[in-house]
Each structure stands twice: as C-alpha cells, then as structure tokens.
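> Sequence:
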Amino acid sequence: MPSDDDTETVRVAIYSSFATTGRAPTIPETASSTGLDTATVRAALAALHASRDLVLSPSSLEAYSSGSEAADTETGAVVMAHPFASVPLGFSAMGTSVLWWGGCCWDAFALPHLLPTQAPVLVATRCPGCCRPIAMDVDDKAPPKGDAIAHFLVPMAHAWDDVVHTCAHQRLFCGEDCLDAWLKREGRSRGYVMSTETLWHFAKDWYRGRLERGYKRREPAQAKSYFRSVGLDGSFWGLEDG
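Take the sequence shown: its letters are residues 1 to 242, numbered as in the working numbering.
Rather than coming from a laboratory, the hints here were simulated on the basis of the structure. As the structure is a prediction and not an experimental result, all values here were calculated from the model. Treat the hints loosely; a few may be bogus.
When the alpha-carbon atoms are kept at most 30 Å apart in a straight line, the in silico BS3-like pairs for lysine-lysine are as follows [said to hold, decoys possible]: (1) K145 <-> K224; (2) K216 <-> K204; (3) K184 <-> K145; (4) K184 <-> K216; (5) K224 <-> K141; (6) K204 <-> K141; (7) K204 <-> K145; (8) K216 <-> K141.
What follows is a list of derived Cβ distance ranges for each label pair [to be verified]: (9) D137 <-> E176: 43 to 53 Å; (10) A135 <-> E240: 31 to 41 Å; (11) S92 <-> M1: 33 to 43 Å; (12) E240 <-> D137: 16 to 26 Å.
Where a beta carbon is used, it is the ideal one built from N, C-alpha and C, also for glycine.
Using the sequences and the accompanying hints, generate a full structural model.
As structure tokens, this is what we get:
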C-alpha cells in the first residue's frame with residue numbers, strides 16, 4: 001500500500017497535468033515527475049479510484065490493482081479527475097492556452113473558476129434534443145447570458161453507481177422543448193433543471209482547492225450545505241429535510 005503522502009503526491013501530479021496540458025500523464029510520466037517508482041504510482045492510482053478522487057478505466061483499474069504494467073502507457077487510463085476528463089462526454093472547453101474535454105456541464109462551467117488565468121473558457125456542446133451547437137464564453141466574473149438550460153438526469157444518491165454515465169447526462173439543452181423531446185425520444189424521466197446562471201453559481205466553488213496539496217472531498221453533510229447555498233432543493237440533491 002502506498003503511503004498517504006505518496007498517494008497525495010500522485011493525485012496532485014495527475015491534476016497538475018490535466019490543468020496544464022489537458023490530459024493525464026502516463027505511469028512513467030508520473031513516476032518521473034514525482035520521483036516515485038512505477039509500482040507506487042500504480043498502487044496510488046488504485047487508491048485514488050477507491051476514494052473517488054479520480055476515475056480509472058476498467059482495464060487500468062484491473063492492471064493497477066494487480067500491479068501489472070499492462071496499462072502503464074494508456075493515455076486514457078484516468079478517465080476522469082473532476083472537473084477534467086480524458087474522454088469526450090459531450091463538452092469541449094477551450095481556455096486561453098489549454099483545451100480540455102469537459103466531463104459535463106457542471107465541470108465545464110467549473111474550469112474558469114478553478115483556473116482563472118485560463119478564463120474566459122469557451123464551452124461548446126450540442127443540444128441533445130436538436131443537435132444544434134451551443135457555445136458560450138464562461139468566466140469567473142459573472143454568469144454567461146443565454147436561454148440554454150442545464151438538465152441533470154441522475155439523482156445525487158446514485159451519481160457514483162456509474163459516474164461516467166452520470167456525467168455524460170449532465171447536459172445543456174436549447175430550452176424546455178428540446179429537453180422534453182429528448183426525454184420522450186429516449187424514454188427517460190425528467191431529472192433536475194436549472195438555468196445557466198444557477199449552474200454557474202453551482203460550479204463556482206465546488207472544486208475550490210482541488211489542485212492544491214491537502215485537498216479533501218466534501219463529506220455528505222458539507223455537500224448538502226453547499227447545494228442549499230446555491231439554491232438547489234429537493235430529494236434529487238438529497239435535501240428531503242428542506
């Protein structure tokens with residue numbers, strides 16, 4: 001088992017690479033940048049997946065958990081390190097000098113807050129209802145203007161049942177008509193809808209400090225408090241108690 005200190009060193013290295021290059025480093029690259037051996041890096045990544053600090057691909061998780069070198073050079077081994085992603089899930093996000101895949105609308109809107117020197121970030125996607133392109137500049141100063149709405153399909157209590165599926169279904173739509181058409185076509189139930197203004201406030205501080213050493217994910221009670229502070233409500237967010 002890697003030490004907590006080594007695991008945190010690997011976490012910061014992964015996030016730093018995503019922030020500055022738009023992609024996660026390979027095992028050899030992480031070992032080189034941290035001074036750790038490759039076995040420790042593999043074990044640390046498996047531990048970070050278990051603690052939900054990042055999401056590994058099934059093949060890399062199997063390899064790292066067993067100590068195998070099979071996925072050492074797999075560039076998509078770290079599928080997600082929120083708000084970053086190594087696979088397309090519906091969004092691209094272009095900063096002043098770095099291009100990222102946005103894991104979802106929430107994550108794409110978080111990027112200019114986490115990396116203000118890259119703002120404004122051009123967030124681009126297509127409406128799932130009509131396939132029309134939606135693009136907007138998102139910065140850390142004020143919410144973007146426009147009529148698009150954000151729809152979250154999976155309730156937070158089940159977000160980690162299949163987190164990639166969850167993130168892939170946090171999308172921007174042109175409006176209610178496009179959302180209704182998509183829900184009918186896909187045979188899905190309506191989730192939670194918010195304006196892009198609410199989405200901007202929701203994303204603003206969610207990932208604060210994530211690039212820094214010592215970052216800790218919010219406990220459930222802290223997450224609920226944050227949800228309430230940005231105007232979210234209802235059982236979808238686990239806020240049945242008001």
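> Return the numbers of the hints above that this structure violates; sort them in rising order.
Checked against the structure, the hints that fail are numbers 4, 9 and 12, while the rest are satisfied.
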